[in-house]
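Student: Protein chains in written order, with UniProt numbering: chain R, 1 to 580; chain G, 1 to 580.
Mixed in with the good hints, there may be bad ones.
[Said to hold, decoys possible] EDC-like mimics (lysine to aspartate or glutamate), calculated; alpha carbons at most 20 Å apart, straight line:
id	chain 1	residue 1	chain 2	residue 2
1	R	K24	G	E121
2	G	K349	G	D374
3	G	K97	R	E87
4	R	K428	R	E78
5	G	K97	R	E101
6	R	K33	G	E82
7	R	K579	R	E522
8	G	K317	G	D394
9	R	K2	R	E13
10	G	K33	R	E82
11	G	K126	R	E92
12	R	K33	G	E78
13	R	K350	R	D365
14	R	K2	G	E121
15	R	K126	R	D166
16	G	K34	R	E218
17	G	K2	R	E59
18	R	K24	R	E334
19	G	K33	R	E92
20	G	K97	R	E237
21	G	K97	R	E92
22	R	K296	R	E334
23	R	K271	R	E331
Note that these hints are calculated values from the structure, not bench results.
There are 2 protein chains.
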Amino acid sequence: MKASQFLISTLKEAPADAEVVSHKLMMRAGMIKKLGAGIYSYMPMGLRVVRKVEAIVREEMNRAGAVELAMPVIQPAELWQETGRFEAMGPELLRIKDRHERDYVVQPTSEEVVTDIARQEIKSYKQLPKNFYQIQTKFRDERRPRFGLMRGREFTMKDAYSFDRDQDAAKLSYQVMAKAYRKIFDRFGLVYRAVAADSGAIGGDLSEEFQVIAATGEDAIVYCPGSDYAANMEKAEALAPQSPRAAATQALEKVSTPGMSTCVDVANYLKLPIENSLKTLVVATDERDDKGEIVKSRVWLLLIRGDRSMNEVKVGKIPGLAGFRFATLTEIDEHFGCEPGYLGPVGLKKPLSVVVDREVAVMSDWICGANVADYHLSGVNWGRDLPEPDVIADLRNVVEGDLSPDGKGALAIERGIEIGHVFYLGTKYSRAMNATFLDVNGKPQFMEMGCYGIGITRLPAAAIEQNHDERGIIWPDALAPFTVVLCPISPDRFPDVKAAADKLYAELMEAGVDVILDDRNERPGAMFADWELIGVPHRVTLGDRGLKEGMVEYQHRRDAAATSVPVAEVLGLIQARLKA
Amino acid sequence: MKASQFLISTLKEAPADAEVVSHKLMMRAGMIKKLGAGIYSYMPMGLRVVRKVEAIVREEMNRAGAVELAMPVIQPAELWQETGRFEAMGPELLRIKDRHERDYVVQPTSEEVVTDIARQEIKSYKQLPKNFYQIQTKFRDERRPRFGLMRGREFTMKDAYSFDRDQDAAKLSYQVMAKAYRKIFDRFGLVYRAVAADSGAIGGDLSEEFQVIAATGEDAIVYCPGSDYAANMEKAEALAPQSPRAAATQALEKVSTPGMSTCVDVANYLKLPIENSLKTLVVATDERDDKGEIVKSRVWLLLIRGDRSMNEVKVGKIPGLAGFRFATLTEIDEHFGCEPGYLGPVGLKKPLSVVVDREVAVMSDWICGANVADYHLSGVNWGRDLPEPDVIADLRNVVEGDLSPDGKGALAIERGIEIGHVFYLGTKYSRAMNATFLDVNGKPQFMEMGCYGIGITRLPAAAIEQNHDERGIIWPDALAPFTVVLCPISPDRFPDVKAAADKLYAELMEAGVDVILDDRNERPGAMFADWELIGVPHRVTLGDRGLKEGMVEYQHRRDAAATSVPVAEVLGLIQARLKA
């Protein structure tokens, strides 16, 4: 490609609404253009990156035995009504009426359509396994679209769906995909982690997120430097402390804590370590009748250490606590006879279900609210001041230094950006849509499914969050809009520079290198600034002085300075670096 | 590809709603699957064809200097309001409201968005010319979607838009595209014509449709076998007859034609040739005020020969007749004092504007209505019985045998399917959206635009309409989902067949041939029927008996019978046929 035939359109300043670095740099490098909230045009420079992502994903999906198809962007509501998602999904699902007032949705994913295809196409176990995928436009009507491609409304996703005869086969399909994903993200040249994720109501361990590591990531990733353990915060297990509960050493005491309603305030005020304090969380669950009316509610007391944070996913998985909510002030008053801020498990007005975090179960001499405004209890001990805990569970988010669940060291935490997810679905959709096949015995069985996504247009943004400096983007070779840029200096003044640039360009093109020749006649400073902003990894500068001695300058985007290279060796050098 | 890893899903019968052969065959061959009215999933077999279309289009667009980008499928209404199309377009434009009740459209084309990009990106004449294109999902909410991919609602279009500094440059950009289109359709291996089309209000000749020739085509194409003249019916010019008007030989006579209100009936009844009769068409034009209220109407009389049909596009281009409508009965009575069926230009009650077809202007001794119910006039002659015509124009559709406008022989007519259109837009959109650049003198000028479409997903359907037989599709090499199919006969019983098929498959794959190995263990009859339906052009059958002598059977989809070929020569044979 020659720059004069392309569209190079860089900006000195990022627009005011660009908050994160990838959004800023993609706007400044002319890769995307905003059309509306969360809706972007992919400009020529940006589209080249997207196409490279697509090509690698397609190649590895095909290699893993998945078959590409394309489902419509605009889908009739009927199938979505079959699974109940048409009603159940919130306003994120963009709903449309056509000229005949019939309902449609813009696909956010395609479980319904692909399951409909499978139930029509797959009759027998002999046709299984099958894995269908598409690389297609999706839309999610986010309440607050932001961060450019990171949280847009219209985006491109690769979504794959596997169909299997039984759970074992489904797990195999899942593993094949998980392996393909590793290959894909390896090829992109990104630093990433596959982390265990919550698998929802299905249970089991068959849910992993692929997270690109970046300080600016939205997600906290938990990992063990001494092993391959990695999980997202929702999923990462906090083990029970290894040491047993210490014996009580203090007497129970009611202490005045005027106006001190947080654990931190109380600990500071009492000059006691926060690790000795207890956080009291009051939640409730509702039983509903067929019409969805609440017929009975139950109040629960959850206890975690004062410096910990509750993990809502873990709490929701405790038997009886699925779909829990925070308790109302009335419910709290009914059980504690006190306002929030001074609640505790000792001396309740009315008994309730108590669930105690693993860590809390081994605490002694602790502090908690006295169920009287402006008072706390100190020196509280299980068994002596209140009954031993009934239900002990993992209720909290892990923190740095916690013991790894695999026992192989302490946990560390870093930030990541989710760019892929592999997920075992079970029969959730095949049951809802009656997608069956005949097994070896001729009996109908629900298909076992898995789904596997990659955020095609999010990926370039994640790559930039991980790979940039103050001058701009630094693309990994596999994602760069162009692999090499040739920068001739003043080719209009020096015919030998123009000739050498044209010759090298032809040579690189011939060798299949994805090269762009900057024939715009820009001044060197402006030209270099453009390419550093755009982030092309390999740059060759051709100047009159060097060429007199047969030399040009090579500089990798990460190099601090250029290296003189004989012009005849440029191709070899670049090919060697691309292989490395 | 191996068939067992792919999805081959053929049907004996086409669904009842499939009316045209391409729709039937694409459904039967498992290429598409209907999801809703005019909404299809592209199944793996069909998507391969679509991807081949896309790849060739992309390659030739890039080669022609166009730059690929991608504009959003869902576009905010604001830009569409700028050009007035948000209101002006009918219900074909799918309109959406998002969660915040803001208006959006699903793109049917992208003139507004691309012009918005151009007005932001292009500041100076130095940046021109530019041609941006995308291959993207489009939606048109057709009232009656039908014929499968031929007239679907969701479809993929390649739309390109050129921007130029002046009309001459714009015409050059147009020619570059027209040339690229010929190359594209040549590469597809289709029989097509580029036909002149109406260029709307802009005038000039810069509008051509690319029509795939097929007996089932919706469009009539006019061409001259003796030259390269070709136009669509709307555009094809009917020349004035070459012979001058003959002298009058008959006296004007008022004849009784009871109940005979059509030209055919009258000519038959009077035993006179229909070529002597005249069709009287009464139309009207309205002048409106600023509020759109009609302030004045004008009635026009159009005269064409009795066996001709009116060409509405031509009529609309006559000065004063833009936006014409048919006259009301009141208007007709006011001017003729008679009901339709017996109208004529002689003895009008109230004068009106008369426009006479070129052919009619040279007729003598003709028949027309007498402006009295149940009566006609015969032996009517210009100059003698009524004044010579004022305005003479081309008002009619051409017919087979008409003189070609280039004077190089007689016109012929055939049917076609429109798969591409190149169109000079002028400054229609750049004016509406104030898209200017600074010219050499530093003065702002509106950009001259052109637009260029190819129906990516319609093209396979058109190719099938042109290339099929009673057994199924016959793909041109460039469009086939697979170029070659290997059909081993009973490989489960004959290990040598399986081995030879695997070996040949590996050899063809290695050589870059797009081959599929049918490893499904189907019976030969069913296997052949599948591949003939799917339309893979080259088939190699491997049987135990032939292989004992080192021979396999080669058959092109158009061949009546197979040819014995040494297995060692198969690759060479196929490569030679693919080059030819």
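Student: Give a verdict on every hint.
Tutor: Verification of the supplied hints:
1. R/K24 - G/E121: Judged against 20 Å, a Cα distance of about 18 Å means the pair holds.
2. G/K349 - G/D374: holds (17 Å)
3. G/K97 - R/E87: holds (17 Å)
4. R/K428 - R/E78: holds (17 Å)
5. G/K97 - R/E101: holds (14 Å)
6. R/K33 - G/E82: holds (19 Å)
7. R/K579 - R/E522: It is violated: about 31 Å lies between the C-alpha atoms, which goes past 20 Å.
8. G/K317 - G/D394: holds (10 Å)
9. R/K2 - R/E13: violated (25 Å)
10. G/K33 - R/E82: holds (19 Å)
11. G/K126 - R/E92: Outside the cut-off at roughly 44 Å; violated.
12. R/K33 - G/E78: Since the Cα atoms of R/K33 and G/E78 sit roughly 16 Å apart, the hinted pair holds (cutoff 20 Å).
13. R/K350 - R/D365: violated (24 Å)
14. R/K2 - G/E121: holds (18 Å)
15. R/K126 - R/D166: Since the Cα atoms of R/K126 and R/D166 sit roughly 13 Å apart, the hinted pair holds (cutoff 20 Å).
16. G/K34 - R/E218: The hint is violated at about 40 Å.
17. G/K2 - R/E59: This hinted pair holds, its Cα atoms lying about 16 Å apart.
18. R/K24 - R/E334: Violated, at about 52 Å.
19. G/K33 - R/E92: violated (27 Å)
20. G/K97 - R/E237: It is violated: about 43 Å lies between the C-alpha atoms, which goes past 20 Å.
21. G/K97 - R/E92: Holds, because 12 Å separates the two Cα atoms, which is no more than 20 Å.
22. R/K296 - R/E334: Given pair R/K296, R/E334 holds - Cα atoms ~15 Å apart, limit 20 Å.
23. R/K271 - R/E331: Outside the cut-off at roughly 32 Å; violated.
Violated hints, listed in ascending order, are 7, 9, 11, 13, 16, 18, 19, 20, 23; each of the other numbered hints is respected by the structure.
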